[in-house]
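S.K.: If you want the building blocks of each chain, they are given just below.
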Amino acid sequence: MLDFIIGKYNYWIYIILMMIGFYAMIGKRNLVKKIIGMTIFQTSIILFFVSTAYKKGGATLPIIEHAHGHGEHVGHAIEASSYINPLPHVLMLTAIVVMVATLGVALAIVIKIYRRYNTLEEDEILKAIK
Amino acid sequence: MKIANLLIVIITGMVLIYGTLDMPDWGDPNSPASRHLSPNYISDAVEKTATPNVVTAVLGDYRGYDTLGETAVIFSAGMACILILRRKRKK
Numbered sequence: 003m004l005d006f007i008i009g010k011y012n013y014w015i016y017i018i019l020m021m022i023g024f025y026a027m028i029g030k031r032n033l034v035k036k037i038i039g040m041t042i043f044q045t046s047i048i049l050f051f052v053s054t055a056y057k058k059g060g061a062t063l064p065i066i067e068h069a070h071g072h073g074e075h076v077g078h079a080i081e082a083s084s085y086i087n088p089l090p091h092v093l094m095l096t097a098i099v100v101m102v103a104t105l106g107v108a109l110a111i112v113i114k115i116y117r118r119y120n121t122l123e124e125d126e127i128l129k130a131i132k
Numbered sequence: 010m011k012i013a014n015l016l017i018v019i020i021t022g023m024v025l026i027y028g029t030l031d032m033p034d035w036g037d038p039n040s041p042a043s044r045h046l047s048p049n050y051i052s053d054a055v056e057k058t059a060t061p062n063v064v065t066a067v068l069g070d071y072r073g074y075d076t077l078g079e080t081a082v083i084f085s086a087g088m089a090c091i092l093i094l095r096r097k098r099k100k
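Order-wise, the sequence lines are chains Z and F.
Residue numbers for the first sequence, in this note's numbering: 3 to 132.
Residue numbers for the second sequence, in this note's numbering: 10 to 100.
Source of the hints: derived by calculation from the structure; they are not laboratory data.
Small disclaimer: the values here were computed from a predicted structure and weren't measured.
Glycine is no exception: its CB is placed at the ideal position from the N, C-alpha and C atoms.
Any given hint could turn out to be false.
When the alpha-carbon atoms are kept at most 25 Å apart in a straight line, the in silico DSS-like pairs for lysine-lysine are as follows [claimed, not checked]: (1) Z:K35 / F:K11; (2) Z:K36 / Z:K132; (3) Z:K114 / F:K97; (4) F:K11 / Z:K30; (5) Z:K132 / F:K57; (6) F:K11 / Z:K36; (7) Z:K114 / Z:K35; (8) Z:K132 / Z:K58; (9) F:K11 / Z:K129; (10) Z:K114 / Z:K10; (11) Z:K114 / Z:K36; (12) Z:K132 / Z:K30; (13) Z:K129 / Z:K114; (14) Z:K114 / Z:K132; (15) Z:K10 / Z:K58; (16) Z:K35 / Z:K129; (17) Z:K35 / Z:K132; (18) Z:K129 / Z:K36.
Rough simulated footprint, nothing fancy, chain F against chain Z, three-plus residues with beta-carbon under 8 Å [what the hints assert, rightly or not]: (19) 17–26; (20) 40–49; (21) 61–67; (22) 110–122.
Have a look at the derived ranges for each label pair, beta carbon to beta carbon [stated by the list, open to error]: (23) Z:I18 / F:P48: 28 to 36 Å; (24) F:R95 / Z:A79: 51 to 59 Å; (25) F:P41 / Z:A108: 33 to 41 Å; (26) Z:A79 / F:A89: 21 to 29 Å; (27) F:L30 / Z:T104: 39 to 47 Å; (28) Z:A79 / F:S85: 43 to 51 Å; (29) F:L46 / Z:Y11: 21 to 29 Å; (30) Z:L109 / F:I19: 41 to 49 Å.
Just chain F, same shape as in the assembly (with noise of 0.2 Å):
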């Protein structure tokens, strides 16, 4: 049993590997993360939002709703904990 765990994970970890031999080197400053959309971000954000800091701009501006939701997940999370965890009440 533990050594089909093993070989489950090895295998996993070969496809992985694999699947880095196509991606661009790391620190590329030519890889296509950093050459097709954020640049825009980086170079509009000021002028656009004001805000200095480029992931606070992108996260509360660009992506309000998206952190909206997150909030949500964290309320719904919560929710369940005390759900789960409260203990009924004797009568």
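Chain Z with its partners taken away, still in its complex shape (with noise of 0.2 Å):
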């Protein structure tokens, strides 16, 4: 049982996080707290993506060591053992990309918003339109 709490917490660590920011965006009134909700969802996606890379045992970086040029240089075997994996990370920097491109929309629109209706609430904007 401990095992099994040990191996996966970190899963629930960032459920609770993504959780949070997924409250945010649902139960919030105000744009401006709905955006920093999204943002917390992003970051709890990467946060989780990049810790799934590391691998027990003396795992470092994915940078080669003594490997430049073509590799003639690498005197030794290259034990993927010895590098986490470097596939979620280059996934993230894409994912962070997509977030402050996002992040950025989302922020003018909400600058036009309030150029037009003067309050960022949710139910006021609504009234407003009506």
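Since each chain sits alone in its own frame, please combine them into the complex, following the hints.
M.R.: Following this line, the structure appears as structure tokens:
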């Protein structure tokens, strides 16, 4: 049971963080608070993916040592178990780009809404639209 | 209304935690993600791309077109911000 908790607890932490962001997205009335919730949500996903890259047993960053040029200088065979998984890092670089793009467009839309209705509260905006 | 939101969040969290029960343990070197595809990238990256940093090799070389598409994403986001935020010039 203890091994089970130790093996899984980091997933649960990211799920709790993601649910905080999700609650802010659906529960809050202020549009900027919704955007903050969206950012927390995306950050939790990024942390989750980066944490899955980790390998126990002395694995280091995925930068091959003594490997300048075309690899003639790599005197030793490259052991995959001594470097952590590089693919989640690559995918999360792509996700960070998408995160910044969505955040920028969302903030621009919020500025536009504030200029027209002079408020950021969702119910007041809905009342002004009617 | 707040109770309904909280209930939705808790139910979603429970479903996600139920999903983690089948996931491999954290840091397991024999998990499918670290055994199936990534060893090829780690062992072949220096020979094929001459880049010691495997993340850079995958991002800029194996997935170069994906990175090119990312620049399109950033460009369209910037254009959308400009189009939303510009004010019309008064004549």
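S.K.: Would you mind marking each hint as holding or not holding in the structure?
M.R.: Against the structure, the hints come out as follows:
1. The suggested pairing of K35 (chain Z) with K11 (chain F) holds, with an alpha-carbon distance near 15 Å, which does not exceed 25 Å.
2. Restraint check for K36 (chain Z) and K132 (chain Z): the C-alpha separation of about 22 Å stays at or below 25 Å, so the hint holds.
3. Under the criterion of a C-alpha separation no larger than 25 Å, the hint pairing K114 (chain Z) with K97 (chain F) is consistent with the structure, at around 13 Å.
4. The hinted pair formed by K11 (chain F) and K30 (chain Z) meets the criterion: a straight-line CA distance of about 9 Å does not exceed 25 Å.
5. For the hint pairing K132 (chain Z) with K57 (chain F), the CA-to-CA distance comes to about 62 Å; that exceeds 25 Å, so the pair is violated.
6. Of the pairs offered as hints, the one joining K11 (chain F) and K36 (chain Z) holds, with about 15 Å between alpha carbons and a cut-off of 25 Å not exceeded.
7. Using a Cα cut-off of 25 Å, the hinted pair K114 (chain Z) and K35 (chain Z) holds, with the two alpha carbons roughly 16 Å apart.
8. Restraint check for K132 (chain Z) and K58 (chain Z): the C-alpha separation of about 58 Å exceeds 25 Å, so the hint is violated.
9. In summary, the hint linking K11 (chain F) to K129 (chain Z) is supported, as the alpha carbons are separated by about 20 Å, within the 25 Å threshold.
10. Annotation: proposed proximity of K114 (chain Z) to K10 (chain Z) is violated, straight-line Cα distance about 43 Å (limit 25 Å).
11. Of the pairs offered as hints, the one joining K114 (chain Z) and K36 (chain Z) holds, with about 16 Å between alpha carbons and a cut-off of 25 Å not exceeded.
12. Restraint check for K132 (chain Z) and K30 (chain Z): satisfied, since their Cα atoms lie roughly 21 Å apart, inside the 25 Å limit.
13. Only pairs whose Cα atoms come within 25 Å are accepted, and K129 (chain Z) paired with K114 (chain Z) is accepted, the gap being roughly 17 Å.
14. The hinted pair formed by K114 (chain Z) and K132 (chain Z) meets the criterion: a straight-line CA distance of about 18 Å does not exceed 25 Å.
15. For the hint linking K10 (chain Z) to K58 (chain Z), the alpha-carbon distance of about 14 Å falls within 25 Å, and the restraint holds.
16. Proximity of K35 (chain Z) to K129 (chain Z) is assessed by CA-CA distance (about 19 Å); at most 25 Å being required, the pair is judged to hold.
17. Taken as a hint, the K35 (chain Z) and K132 (chain Z) pair is honoured in the structure, with Cα atoms around 23 Å apart against an allowance of 25 Å.
18. Restraint check for K129 (chain Z) and K36 (chain Z): satisfied, since their Cα atoms lie roughly 19 Å apart, inside the 25 Å limit.
19. Counting residues of the stretch 17–26 of chain Z whose CB falls under 8 Å from any CB of chain F gives 6; the rule of at least 3 is met.
20. Counting residues of the stretch 40–49 of chain Z whose beta carbon lies closer than 8 Å to any beta carbon of chain F gives 0, which falls below the threshold of three, so the coverage claim is violated.
21. A count of 5 residues in the stretch 61–67 of chain Z with a Cβ less than 8 Å from any Cβ of chain F is obtained; the coverage claim is therefore met, three being the minimum.
22. For the stretch 110–122 of chain Z, the assignment as covered by chain F holds, since 4 residues bring a beta-carbon within under 8 Å of that chain's beta-carbons and 3 suffice.
23. A hinted range of 28 to 36 Å holds for the C-beta pair I18 (chain Z) and P48 (chain F), which are about 32 Å apart.
24. At about 58 Å, the CB distance of R95 (chain F) to A79 (chain Z) agrees with the hint of 51 to 59 Å.
25. Between P41 (chain F) and A108 (chain Z) the C-beta distance comes to about 35 Å, which sits within the given range of 33 to 41 Å.
26. Checked against the hint of 21 to 29 Å, the C-beta distance between A79 (chain Z) and A89 (chain F) comes to roughly 49 Å, which is inconsistent with it.
27. The hint said 39 to 47 Å for the Cβ distance between L30 (chain F) and T104 (chain Z), and at roughly 31 Å that hint is violated.
28. Separation of A79 (chain Z) from S85 (chain F) is about 44 Å and conforms to the stated range, judged on CB atoms against 43 to 51 Å.
29. A beta carbon spacing of about 26 Å between L46 (chain F) and Y11 (chain Z) agrees with the range 21 to 29 Å that was offered as a hint.
30. Taking the beta carbon of each, L109 (chain Z) and I19 (chain F) are about 30 Å apart, not inside 41 to 49 Å as hinted.
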